[in-house]
Each structure stands twice: as structure tokens, then as C-alpha cells.
Amino acid sequence: MKRNLALRAVATAAATALLAGAFSVGALNSAQAATKTTVTLLSAGDITSLNPSTKGSNTTYNNLAASLTGFGFTYYNNNAELVMNTKFGSMKILKKAPKDFQLQYTVASGQTWSDGTKIDGVDLLLTHVISSSKFSKAAGLGDVADATKKPAFDSLGYGGAYDDNVVGEPKLSNGNMTLTVKYGKPLPDWELLAPGPSPVHALSLMADGKTSLQSASANAAAKAKFLKDFTSKNSANLTKMGKIWTSGYLVSKVDKDTNPLLLISNGGFIISKYVNKDSMTLVRNAKYSSGPAMSTKNPIKTVVIKVINENTAQVQALRNGDIDILYNTNPTGNDKIVLAGMTNVATQIKVGGSYSIFHLRTDTAFGFDDPYTGPFAGNSQRAKDLRRAFLLALPRVQMIDTLIKPVKADATPLDSQFTFQGTPAYNTITKSSGVDIYTKGTQAERTAQALALVKKYYPTASDTVAPVKISFLHADTPLRNALGKLVKAEALKAGFDVIETIPADMFADDTNSKSKFDVIMHGFSLNSVSQSAASDTYKTDGGNNAWGWSDSTLDSILASLESEILTPAQVTAKRLAADKIIMANAWGLALYAGPVITAYNKDLKNIKPAPVGNNITWNYFEWSY
Amino acid sequence: MDEIKKSTISTSDKNETGIESKETEGLSQRQIIVKRFIKHKAAMASLVTLIAIIVIVYTSLGVNIGTGRFKISIPGWWPYKIDQIDPEGALASSCNGGVTGCPTLDLAPPFLDGDGIRFGGHPFGTDIIGIDYFALVMRGAQQSIMVMLIVGTLGILIGTIVGAIAGFFGGIVDAVLMRVTDMFLVTPTIVIGAVIGFRFGNLGVAPLAIMLGLFAWMGLARFVRTEFLTLREREFVDAARVAGASDRRIIFKHILPNAIGIIVVVGTLLLSGAILAETALSYLGFGVRAPDVSLGLLISQYQGSFGISPWLFWWPGTLIISIALCVNFIGDGLRDAFDPRQRRHISMKERRKARELSEVPS
Amino acid sequence: MLQYILRRLGMMFVIVFGASFLAYNLQAYSSDPLSGFGESTAENKEYLILQMTRDLQLDVPPPIRYFSWLRGIVAGLWGDFNMGLTRDGLPVIEILAIAIPVTIKLVITATFLAIVLGISVGMITAIRQYSRFDYSMTFVSFLLFSLPIFWVAVLLKEFMAIQFNDFLVNPTIPPIAIVLYSLVFGLVAAGFVGGARLQFFLVLAGAALFAAALLYFASATQWFIEPSLGIFGVGFLALCNAAIVIQLISGLDSKKGRIAGFGVALVIIALYYPLQALMSADASLINVFGIFAITISVGSAIGYFVSTIDKRVYLRIGFFTALMSTVPIIVNRFMSEFAGYMNSDAVNGRPVPTLGQRNDLLTPEQIDNFWISGLDTAVHLVLPTIALTLISFAGYVRFSRGSLLEVLNMDYIRTARAKGLSERTVIVRHGMRNAMLPLTTILVNDFAGLLGGAIITEGVFAWQGMGQLFNTALRSYDLNLFMGVFILSATLTVLANFVSDLLYGVVDPRIRIRK
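Protein chains in written order, with my numbering: chain A, 1 to 625; chain B, 1 to 362; chain C, 1 to 515.
Isolated chain A, as found in the complex:
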């Protein structure tokens, strides 16, 4: 008996000490960090192509590599401002008439590709080839509209604003350093249309079957040949190049045997190793001259992009130093504390380029077959009242307090569909858009108002009896699920029986989810800051208008935002008008601008996450240890 006791005591003590030892975190080693010259970035998904403009399952991840290997006329900085990259060149409006809008791009001289070939205006022409369906058709490269005539350059670019508005072919001048492009009408976001440079000589060489870097003269000749093929619309030669462009850049690995012509870069780095779905290694491009100069003190010499799909694995990898930067766009309070608690890691928390929003269904919308007949359907007073009641019952303050403030302490509910907090436009718009009925008083008062509205149509409703069944669609993430539960609990008090619909795939084309929701909570992320942003979401039968909203005044406001070059004040006024219409119809309500956590090796300097564009890598030239 005694021995047993002693044994047990020893075992208990052993277990306790083991646990204690295991849980105590020792000091971290940063002694050697001064010599570090490498950065390991994280990619949450597979990198699938060395050419981010070809079709692939995810351009976001391909762009991560592209952002390190290419530089063009503009980039977004950490304040979401579009910066003109004067090292590469400049652009200006040459002519601004209602039917003749000309833009002029001038490439700065003295830049070369990584193989030493001079960069000039000819390198900009490929943008036209891969974006203009008219050129494709005229040059006999295929017909974008005809599924049987697949274009030789099978790009993601056809059908965009460039394709819709460009007139004729771009013209070179000034010793091929200047390019002039003509459009059929003024384009408000013209700065975003700047063509990007592509190493056309490499394309031309590869079309000729070359598999190694060539001499300067051969490169120049290849470039001249491309120009000739372009101007003469040489179908055969362009088709050969199109084949390379479309599938040649799809490689499963990069190693010693890879054709170096595929890797030519004008960015700070050049790809040296790559294994499909696994990792990519990039080294310094010695001939980098197309962007801001690299930091001179302890700059980065090697960048690795590591693909890690699994969330917890990413966090543990950061803690162990296996990766250096983690960019979490969908953090919970727990995530923040985990990341902030790591002694080897620094964190930055700021609003990213995404915002969360509630949209209420009003009608059968673009892309749906089943007619929508739920409680929010139509423009009757009853539908409007019920919609308003639901929006009133959204516990936005509680949602922010419980789930967003633990991440970003100064978060507040977002009150506009078109602008973010912290901008002058936001204050102007929210002051008079009519959003104040959702911000006045306490949530209890608003829920009571909501219940009163519901009672008008459902007399049995009370804070325990919920006669209005609402199907509530949202994505399956921890944050969304938690938000959803808060909505459900509060809406119940206003007479709404909220049934959460959480499909595996939120926009899947099946009857369970897509056509059967009354309200959707989702996030929009912005790829760019533009005047016409999001108009597809709000205009009648817009491609993203899955809620069936339709209002002719709103349509005309959106149309003018899309096609007129306006002053900031004019834009604000139009957006205010649009927000007012949405408020008056009780169509939807914004929730919050999503905070993003950037956690990174604390020895790494000048990490400045940008809300749009290349979030992390936009200023790699400034990085250093």
C-alpha cells in the first residue's frame, strides 16, 4: 500500500514537472539574426503559373510571385494611394474629348530586363494582345466570343474596361519609348489601365525554339521581330507566341534545366527554384532598375514563398521561425493574442481592403432561376418595414465589441457601403445618408422598434415568439459563425427566427444555398481603389447583384461614376446619393471594415502592409534586417 502511494506521488510529481517544463517558454534566440538576409513568405494557396495573366485557379497566389519579379507604371502603397513609379516611366492624358480619350505612356530610359535587354515601349504592346478581343479577332488568333475559337493568347484579360473602350491599335513614338492608346470615351479610373511590361523578346525567342539566354543582338532582333509581327498582325508567328504565353509558363518545377527565358524579370528578384504546390525561391536580380532602389543596409537577398494551406500550421511555423511573415485577413481575437504573444514576432493591426456587409434580398436576381418570394421581397411598405426591422435588430455594436474590438481596439460599426472610416468622404456621407436610425439609442431600443414594426404584420410576434422565418447565408469561418450567432440571438427578440445557412461553398450554384436566402452577410475585398468600384454589386442586373436590387436613380448614379471623370467632391456627392437610396429602401447595412493582422519576424524592418494591391510585398525594396 505504502509503496503504491509513494509511486503515485512520484508519478504525479513527474507529470506536474513535465507539464510545467513543457509549458514554460524559454527566451528566444535572436543573436544570429543580424546576419540574416532571407525572408520566407507564406502563400496560403498553390502557386500555379509563372505568368499571372494566364488562366489558373488562383491569381492571388500567382501574383505574389509576380509582385517580386515585375514592376510597372504604378503600385499601391500602405495608405492605399496609387504611386507613380517614375523609375519605370510616366503617363498622362493626351486628349480628353467625349469620343476621343488618349493616354500617353512614356517608358523611362536606362532600364533593362534581367538578361540585359533594354526595356522600351514595345514591351508594353503585349498588354494589348492579351486584353483586346478585337485585336485577337483581327489577327486571326481566335474569337473570344466563340467558344470553339479559343484565343491563342488565352488570357484572363479579355472583356474588361480596356477591351470595351480601346479604339484601334496603340501607337509607338519617340524611338519606341512612348506609347499612345486611344479610347472611345473618358475613363474615370484611367490610371489603373496602364499596360504592364512583358519581356516580348523572350516570347519571340521561345516561339523560335530557343531554350537559353541569347546575345544582346539576338535579343534586339527578337524584339524587332515581335514588333513587326504585331504591326503586321502576323497570325502564324503570333499564334506560336500565344502558345508559349498560354502554356509555356505553366511549369511544374524550376531548376537548372528550366528555360531561363521563362524567368526573365524586371523586378527586384528572379525565380531560381520552384516546386509546384510546394515552394518557390527567388534571388536578387542584379540588373534591377525598374523600381525604387533596394535598401542598402542589410537588404534581403533571398525570398522563399512557402505554400502552407493549414491555418494552425501557419501560426506554428511563424512561431518557430519557419516563415517570416503572416498576413491574416480574417482574424479573431484569439488569433491576435496568439500572434501578439510570440516573443520573436512583431504585429501590425490595421484596416485592410475588405469590408463586411449585410445585403437583403428583394427580388429574383441575376443568375437565379427560382423566383424570390421571401418576407423581404418587393417594394411594398410591408417588405420595407420588415427589412428595416431586421436591420434595426442587427446588434452591430455588440458584434464589433465582442469580435472585432479584441482585434482592433478602436473598431466601430461601418455606416456606409461606399467609403471607410477615416476619410473625409465617410463623415460627409454618414452625416446625412439616413444611417442614423441604425445608430441612435441603444440596441435594446432599436430591437424594440424592430419588434414594433414586425408586430404590424405579425401580431403574435414578441421577444420570445418569432413568426418571421429568415434564411441567413454566411460563409463558414470561425468569425462569421460567431457573428451569425449574435445576429440570431438578437433578431429573435424582434420576432425573427433566423435560420443560419452555411454552405461549404457560399456561392455554389445549388438550390440549398444560392436561391434560398433572405439575407446575406459577406465580405467584399477591394483589389483597387477606383471610382467605379462595386457598381456591379448595386446596379440592376449587375453581375454581382445577387439580391435583386433595382432602382433607376441608383443605376444612373452608378453609370456616371463608371464613365465620367469627376472631382473627389462630386464622387462623394454621388456616393451619398447612392447610400441614401439604399437606406431609404432598407436594402442593407454595412458592418465593419475588416482589420488585418500582419505578424512578422521582429528583426525584419520596414514591413508596411498595404490594404490593396500587393499587400505585403509592395515595398520589398525597403525591407532589411
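No wet-lab data here; the hints were simulated from the structure. Among the hints, erroneous ones may be present.
[Claimed, not checked] Which residues of chain C face chain B? A few of them, derived with a C-beta cut under 10 Å, are:
hint : residue
1    : Val16
2    : Gly18
3    : Ala23
4    : Gln27
5    : Thr138
6    : Pro148
7    : Val154
8    : Gly459
9    : Thr491
10   : Thr493
[Said to hold, decoys possible] What the simulated footprint calls covered on chain B by chain C, stretch by stretch (three residues with Cβ under 8 Å from a Cβ of chain C suffice, anywhere in the stretch; the number is not a length):
hint : region
11   : 187-194
12   : 268-281
13   : 295-307
14   : 314-321
Glycine included, C-beta positions come from ideal geometry on N, C-alpha and C.
Add chains B and C to chain A, keeping to what the hints say.
This is chains B and C only, laid out in the frame that chain A set:
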């Protein structure tokens, strides 16, 4: 030649049979089995634990089955529900710098720096919005146990029927059934999970369990078939046939009772495999999905919080392990009970074949 | 027999065909590739949808689309094999060619370890059935059986990578930890050896003291930063190996066995310094094989010439002692690179990674150095190997225990005992050998299953092998890729089933394959 001395290695093969026969004198087959099972301490302890777990899990939250008019609702004794938000529970008592409510469970007595043994309002803490984590874990366990039972029942039922028919009739019936079995065998469980998750994701856990059950019977079918192949050649089957018994009667009254041992044993393995398969599928996002809860889902949701609120990670894990462990031990006990001298041993290979399902979680 | 084999092979085609049709359609209906565009704000969304519909033939119903996929496979008959392109446009076969070696590399060590450890432990538990050790191992193996691997992975990363790397900053073990770890080690060792109470405590004390001494030594000399076995460590291990080999093959009582085993061990120790010359920085795998060839031939020769009768027994002792004693020499060589590896820029003082299969930051010189790149692979394998071993170890323990128990109940064992053979001979020669037979069939099945990939393990440890391919293919509606992985693993499974059925008949002649 070298002289070989007697080694010190010992065995326990000492007249086992003799002891056995004395002990079981005058008892019916069933009594012998029950007696042997009761003597298997680990299995008995596991059985008691498992029953205790099931009772706690189902009574704490009560049972809610079905929807609408067909809803059966039995309230439980636990004060919190899985959709009940307790704001004080979450934010007021958060600890470790975390945003989740701390567990109020404390088993350390005061002299070990604890506050004495207490359960408190939220013994397992709360999640990020103040939902009681004990309630969530119980709900998760309900779901996981339900998956286990549905998969087990279906797997045993189909496996026994297919195996029995194939083994009893033999010939072309056997060949066809066995090749169909092979076909099911190579279809990965995860694909089934993906299809169900996509098409019927929000119908709850039952369709998932049923589909998994439809793909869980192959191992058992093979065993039952082999068993039937040998048993049908035995004298008592001939005797029954001569006496004019129908095929159905021979299968159900004569052969099946003799094959029950292997069915029970392989069945328990199927059960523990099912709970792990559910866990793995939910983890991969192909199983139970929010707003519903399962143990695997809870782990995958909260594994990221491991560093700051480890209890969110430990509790569901502990429950999964406990249930699977109990079922495994019960299976071990049943094997010993049905098979005292281990003549007809269920090897690990056979075990694993029987739990083809659990091949997902590696 | 031939007819049987041909019929089974024919059946296999039918099964794989049926299963692939089923799988193709299940997967095709399991998601919607166009759904990704729901959230897209691209202006040219309509074109993108058109493009995808065209490329993935979404306008063709899946059952018909299946046959266009099948055509590529069947075309393999006339050398025109085509598994199609992935959604990203890469040939499926190229992707598989990258993934297969990754998966093999990941699972092979773990499977090997699980088999060796599992069978050893399983056989010991069978020999000592119903002992304390048997009960605790039964518990442990059931426990491991019940562990979700992703759960284990999180814990392993936390404690064996992150915390261990933190520990390496100042690798001294506090005395209390030394005491506890030694006691635990002593308990395990005593459990293994067993015996009466006195022996149990003697072994416990001995093993604990030994472990304490080792830990103290490691702590005092900063061994974890600059690990090395040295000639003493290598020598000690060689002698231990020799003892185990002798006990298993001839018994430690055999004088000639002792001469052969320990003699070989001593020769290997003597070869320690000369062999270093073969392990320079520019060595390669060939050198390693060379070293093994030298030691094994020396060892076998010694074994062969030790005795004039029963030469094969002593040859085996010499062979296995040499084989197993050479391993520490090689390991020691890898260890000597550890300090340099750990302090290099790429590793930055944290040698145990939580994921990945290689360090992408190693310099070309480091990659070219066989020892450093080997070390790099080894540290990347540590965590996933432990995780996989823990999970599959349990299966082998239970299997070999049951198998040996079954054999030990056989009449011929009774006969062997009755004719006065020593217990060692009965168990090793008659028991273990026969218990191992059914194992061969399992191994076939297991290795076939391996290629299917360890879906979760590969995911949490970011190894891009077959399991990951399968997972991503399922998620991203990459039908061709999905089918590529599927057809490979299905074929192997069916083939392994067939082979193990055949082997069953070969191994156990009592089982006749019915015509």
C-alpha cells in the same frame, strides 16, 4: 553443438484450458460469454465509462431530434444551451489574455495553489462570444456518438447481410457480391464526405452518417462471408437442411448465431473507426459543419488557440480519445469473451480491414 | 491456377473501371467550379465563366465527360497514355511524378519504424501475456489507436519543435528534470525486462542511473548543440547491438556466438577511425553503401570462420552485428555537421522545423554536401515521422501480439517444448518465425495504402505529396488530378488485395484457392 541451457523467458501457457472448463461447467454459452466479459476488468471499466459518458452527454443538453412538427425535445439538466450567449461568461472572466471565458473547473485542492474542487458556471470556459463550452462539447459528443451509432448499425447490418448471402450461397452470387465489395472498398471515404458536405451540408449530421454507413460495411462483409463459408459445411447445417429448413431459416437460426462473435467484435472496431472518421472528415471540412457542432469540428476550430486557451483544444480531444478507447477495450473484452483460447484470433490486419473507414485519419 | 489469376486480373479491371466511374461522378457532382466567380468583382466575369466552361467541358454531363477522360487512360494500351491536364493546365502525370517520391519519403521511415517497434513490442507483450507490461502496452496501443493525428501534430510541433528549439538556446537540463526523465526511462526499461519484483527494481534503478548519467553528461557538455557519439558511444552501441543479435540468433550462452558477435563489434570499433576517411565532405550515397559493404563483408567473414559447424548461424550473427553497428558510425558522421548546420544562415539556430520537406534557404554548397543535406532531410522528417509512427505503431503491436499468441497455442509449440528445446529456441525459432508469416501479406496491403498518401499528415506538415494532391483536387474541383490520384491508389489497392490473397495461399498451405 553448443549446449543450450534453459532460458529465463517464461510464458503463461499453463493449463489454461483446464481452469477454463472447470469454471464454465454447467453454464449456457451465453452465460459463459457474459461471465468472461465481466471478468475482463479493462472492458468492464470501459463499458461503465462509456455508459457514463453517453448518459452525461445526452442528459446534460437533452435531446432534440427532427424539425418542425416532428420535433422531439427533451430538456437537459445543464443550464446553458449551445445557442445561448452569456456575455458575462465570456468577457468578464477571460484569462491568459485570451478573449474566451476561462474554465471555472478547478480540481486542484487549496494546498496545491487551487481554489478547492469546484465546477463553477462554465467548467470548460466559454467560446469567443460567450457560449458555454461544456454545452458545445456535449453537443459535439452527441453528434459524434450519433455518427458512431448510425455508421455502426448500418455497417453491421449491411455487412452481415452481404457477407451472409455471399458466404452461404457461394458461386456466382458470391463472386458478384465480393467484386461489388471491392468496388466500394476502393472508393475513398473522403469523396463521400465531400459530396455530402456539398449537397446536403446543412441537413445536419444524419445524412452524413448514413452515407458513411453505406460505405462502411465492406470489412465486416468479408469476415462474415469467410465465417459462413466454413460454417455452412458443418454437420448441423446439413442436419437442418435434411430436416427441411428453408435457406432463410438456416441462415438466421443456425449459422448466424454461430457467427455472432465475429460480428460483435468487428462491429466494435467499426464503431471506434467511425468516430475517428467523423473527426477526420470534420477536420478536413468535409464532415459536420457549422452551425452544428462535432468534436472534430471543435478541435479544428480551436486548435489555433492552443497557446492561449488550451482547454478549448484539450476537452474535445479527451472526449474523442475516451470514447474510442472505451469502444476498443470493450471490443477487446468481447473478443476474449467470445474466443477464450484465441483459436479464432482477430488479427490486427483483420481489425484494420474492418475499419476501412478509419483510414482517413492518417 | 493460371486461370484463377487471369480471372482475378480481369475482375480487377472491371472493379477499377466501376469504382472510377463512381468516383468521377461523385466528385463531379460534389462541387461547382464556377462558384468561385460568385464573389469575383472582375469586370470581365462573363468571359471568365465562358472560358472555364469551355476548358473544363462543363457543358458536357459528367457521366459522358468520364469517357473522354477514360479514353486517355485506355490509349495507354497503344502508348498514348494521357491523364489529362490539371485545372492549372499542367499534365497530371507530371504533378504525380513530383508527388509520389515526396509521399514515399514521408511514409517510408515511419512505416519502417512502426513495423520494427510495433512487432518487437507486440511480441514481448505476447510472451509476457497478462503481465503489467502487457497491460500497459495494451493501454498505450489502444490510446495511440484512438488519437486523431492532427491533434498529435499540434502537440508535437509545440513541444518537439518550438519548445525544443527554444531549449537549444541554453541546452542545460535542470536537475529535477534529469531525475524525472531518468525515472520514467527506468520504469519503461524495467517494464520491458520484467521479472520478479527484485529484478524489476534492480533494472529500474540501473536504467534510471544510466539515463541520469547520460542526461547529466549531455547537459554538462552542451551535447544538444554539438551532438556526437564519439568512438565510445559508437563502441557502446556496437556492443549492445551485438548482445541483442546474439541473444536472438544463438543465445548469449553460446560461446561461439559471443565470439562472433562481440568480435565483429570490436572490429567495427577498430575500423572507426579508418572509415572516417571515406566520409569526407564530398562523399555521396555510394560512400555510405561502400562502408556498409566493407563492414558487412568483414563481419560475415568473421562469423563464417568462427565455427566449423553451423556456419550459417554465426554468419548471420556476424552479418547483422556488422549491419547494425555500422549505423552509429554513419549517424555520428551526420551529427558532426549539426553545429554548422544549426548556426548557418538558413537555419538560424532553430534546427527542428514544424513543417516542410527541405530548407529552401540552404546554400548550393550546403545542398551539395551529402551530410548536410541528409541532416536537413532528417530534421524535416522528425515530426511527421513521429506522428505517423505513433499512429500506426499500435496496429503492429496488436497484430504481432495476437499472431504470436495464436502460434504459441499451436500443438507444434507444445511438441517443441515437450522435446526439451529451450524456451528461447521455442519462441524465437518456432514461435516468432511462424508468427511473422502472416505479416508479409499485411505489408503488401500497407505499402499499397501508402501511396494513397497521408492526407491529414501531409496537410499539417505541408508536405506536398499524394495526400495533399487528393485534398486540393477535391477542394478545387480538379477532376483530372483527382482521378489521377484515385486511379493510382485504387489500382494499387486492388492489386495488393490480390497479391495478399495469393500470398496467403503460399504462406499458409492450408488455405487453398478455390477454382
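Comparing the hints with the structure gives:
The criterion of a C-beta within 10 Å of any C-beta in chain B is met by C/Val16, whose closest approach is roughly 7 Å, and the hint holds. A cut of 10 Å between beta carbons decides the hint on C/Gly18: the least distance to chain B is about 5 Å, and the hint holds. With a least beta-carbon distance of about 6 Å to chain B, the hint placing C/Ala23 at the interface is held under the 10 Å criterion. A distance limit of 10 Å between C-beta atoms decides the matter here; for C/Gln27 the minimum to chain B is near 6 Å, and the interface restraint holds.
At about 7 Å, the closest approach between the beta carbon of C/Thr138 and any beta carbon in chain B falls short of 10 Å, and the interface hint on this residue holds. Annotation: C/Pro148 was flagged as interfacial toward chain B, and the flag holds, the nearest CB pair being 5 Å apart, inside 10 Å. Annotation: interface hint on C/Val154 holds; nearest CB of chain B at approximately 5 Å, less than 10 Å. Checking C/Gly459 against chain B: minimum C-beta separation of about 8 Å stays under 10 Å; hint holds.
For C/Thr491, the suggested interface contact is upheld, since its CB lies about 9 Å from the closest CB of chain B, less than 10 Å. For C/Thr493, the shortest C-beta to C-beta distance to chain B is roughly 5 Å, which falls under 10 Å, so the interface hint holds. Proximity of the region 187-194 of chain B to chain C, defined as three or more residues with a beta carbon under 8 Å from a beta carbon of that chain, is established by the 6 residues found. Three residues within the 8 Å Cβ limit are the bar, and the region 268-281 of chain B against chain C gives 4, so the coverage statement holds.
Counting residues of the region 295-307 of chain B whose beta-carbon sits less than 8 Å from any beta-carbon of chain C gives 6, enough to reach three: the coverage restraint holds. Residue count for the region 314-321 of chain B with a Cβ under 8 Å from a Cβ of chain C: 3. That meets the three needed, and the coverage hint holds.
When held up to the earlier numbered hints, the structure conflicts with none and fits them all.
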